[in-house]
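Asker: So the chains spell out like this:
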Amino acid sequence: MTITKVQVQQAWTIARIEMRRAFLSKRGLWVYLLALFPAVAFFGHGLQMKFMEERWSRNGLTQARVVDSFTKGEKVDEILKRAPNPSFDHEWTNRREDEGDRDDKDRKTQPEEPQRRRAISYYDGQRVIDLRFTNGVLVEKHVRFFRDPTDDRRVFAVIFQFFYLRLAIFFGCLGIFMNLFRGEMLDKTLHFWFLTPVRREVLLAGKYLAGLVASTVIFGGGALLGYAAMLWPNTGVDAQAFIAAAGWSHAFWYAAAATLGCLGYGSVFLAAGLLLKNPIIPAAVILLWESINNFLPAALQKLSVLYYLQSLCPESALIDEQQPLLRLLLAPAAPASKSLAVLGLVLVTALVLWAASRAVTRIEINYSTE
Amino acid sequence: MKGTEVIFEDVSKFYGEVLGVNKVTLHIPPGITSLVGPNGSGKTTLMNLMTGLIHPGRGSITVLGLSPRDPEQLMRVTGYATQFDSAPRWATGMEFVSTGLTLYGYSPTEARDRAWQALEQVGLTEAAGRKVAGYSKGMRQRVRLAQAIAHDPQVLVLDEPLNGLDPLVRAETISLFRRYAAEGRHVILSSHVLQEVDLISDQVILIANGMIVAEGEIRGVRDEMSEHPSQFIIRCRDASRIASLLFCEDHVTEIKMNDDRLGLLVLTRNREEFSRALTRIALAGHVIDGVIPSDESVDALYEYLIGGGRA
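Read top to bottom, the protein sequences are chains V and Y.
Just so you know, the first sequence maps onto residues 66 to 435 in this note's numbering.
Just so you know, the second sequence maps onto residues 5 to 315 in this note's numbering.
In short, the hints are calculated from the structure, not lab data.
Just so you know, not all the hints are guaranteed correct.
To be verified - Just a few of them, taken from the derived set where beta-carbon distance is under 10 Å, the chain Y residues facing chain V:
no., residue
1, Leu57
2, Thr86
3, Ala91
4, Phe100
5, Gly104
6, Thr106
7, Gly109
8, Gln151
9, Ala152
10, Arg284
What the hints assert, rightly or not - Below, a list of computed lysine-lysine pairs in the DSBU-like style, where the Cα atoms sit at most 30 Å apart:
no., chain 1, residue 1, chain 2, residue 2
11, Y, Lys27, V, Lys253
12, V, Lys253, Y, Lys141
13, V, Lys91, V, Lys206
14, Y, Lys135, V, Lys253
15, V, Lys91, Y, Lys141
16, V, Lys91, Y, Lys135
17, V, Lys115, V, Lys206
18, V, Lys115, V, Lys146
19, V, Lys146, V, Lys206
20, Y, Lys260, V, Lys342
Claimed, not checked - Quick look at which bits of chain V chain Y covers, simulated, 3 or more residues with Cβ under 8 Å:
no., region
21, 73-81
22, 250-263
23, 419-430
Note that CB positions come from ideal geometry on N, CA and C, so glycine has one too.
Chain V with its partners taken away, still in its complex shape:
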């Protein structure tokens, strides 16, 4: 079959008409919620960080070498002398029972021995140092990174791979692409397309294009927004260096993974919408296959869309080392090269679309059976 200029124009006309349905369908508003969830979550997190930073630094920053010099056993006065402006300072007195009397139930409880407690925190611009004093002596020192760009990126990678690719894009594409044909069958409007001088394959291409543009804008945009929201509160030198070195590349590959996810899942759900009446069955089967992907042997893992999408992700979403059972069960296959992943997804998509084009020529208008 040769593709004529008229057919290309028809496909684009159909795509433009269908984009309205894909973008503005009332049934599909939940797709935006899925797409924007990471951005909203990271933006909220960023706001909280900004608010807390403002609070911590209200009394000024304490030099890192000063807070590093605090050691257990030091007196509070000595510490305050070296660092007189803590971000947080709270003092209280508590009473506790004598440890030796606890088991003696017959004896009346001894009067509690009062202890003076004090909690002081310092902020050096990156870390929060929590100091705990008992009777004026430093007994505990906790250091936590207030901002950790590396940790944020890892969290983003986990959310992107386990929520965004597996759930958001999956169900988003289900909603957008299955609606293109199945939705029109339910609305009893598909016959209007079939009564125009347009080949069914061209109609399929136009509708797929509309779904792809809509889903790419929604989910590609959502991925970029989420990534920007993750980076936004990280204003430190390390973060700026990362953005300059690899930030744009990471953003590109996250957006590319989202786009290719839409490409792959979109073709699958478009075909499913043509072949099956009930979207729940294909969705459940595909979701199950994609979900158990990491538990399968390496060869089988390569038969999923997710494998290739994960291969495109710039950072791996490592399973927490404190979950040994999961680590035992999971055996992620070595990721494909990015070029192979893109090629694989494009080939799978082409194959599925070819099958869909065969199916669409056989489809009949019989609304009474819908």
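Chain V is fixed; fit chain Y onto it per the hints.
Answerer: This is chain Y only, laid out in the frame that chain V set:
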């Protein structure tokens, strides 16, 4: 002739185990052709088959020599106003008609001009800017008709096109069909309002239980059905005598005399023989004031054919 007709060759269509149409062979020439039959008889199935919305399980269909499986060519010469009472939620009347036209290659301006002309023909220009979803049933019927005629098709297929139309619009719509037919185009419609079909059709196709019962001009169909007794009213002064003479004719199956004894209702199996017999009676000196065929409407024919010869 193939390029000017709508042709069904031994076409069958089953919906699972349910019969749609069975072994239909038809040659539909230009003009107004009505598909007549009860609900579920297969009228809409025939229309959907010829426009490619459904495909036959067996047999072949061509519309002006084009296959319904080739919408790219077929829908340039065919317009179909279906009975599906639905429209895209987003569309105004103008958008509904003009959007489809852009797929014919018309520029947006040309598409709007053509859409306006089509809406004008069905009397919907005042409502052109309103959402189709808010139209009344009759208006939705008309906007579908506008969409079907907007690209000036050679074959116009209309499923129950007169349903829900007020008398004035109905008359205008019928006149539109006649204009199309006069231009040598096909207007293929279905209707259960038999009087209208009787009045406007050049030919009729009677269908029942998915099978073609009869086809052709209404009079021609009648002639084909030689077993169907034609019914005539004879106005005469000597009804008893004429009745006795007609009873001698083999082709006369039943005679009823009017209460006023000035008229007869005669059922005959052979119109030609009946005509000759009447001539003989008249030449013999019996006064016959008039002979009126009383059952030539589609109703009578249809009732006879579908009802198994009860007429």
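Asker: Hint by hint, which ones does this structure get wrong, listed from lowest number up?
Answerer: 10, 13 and 20
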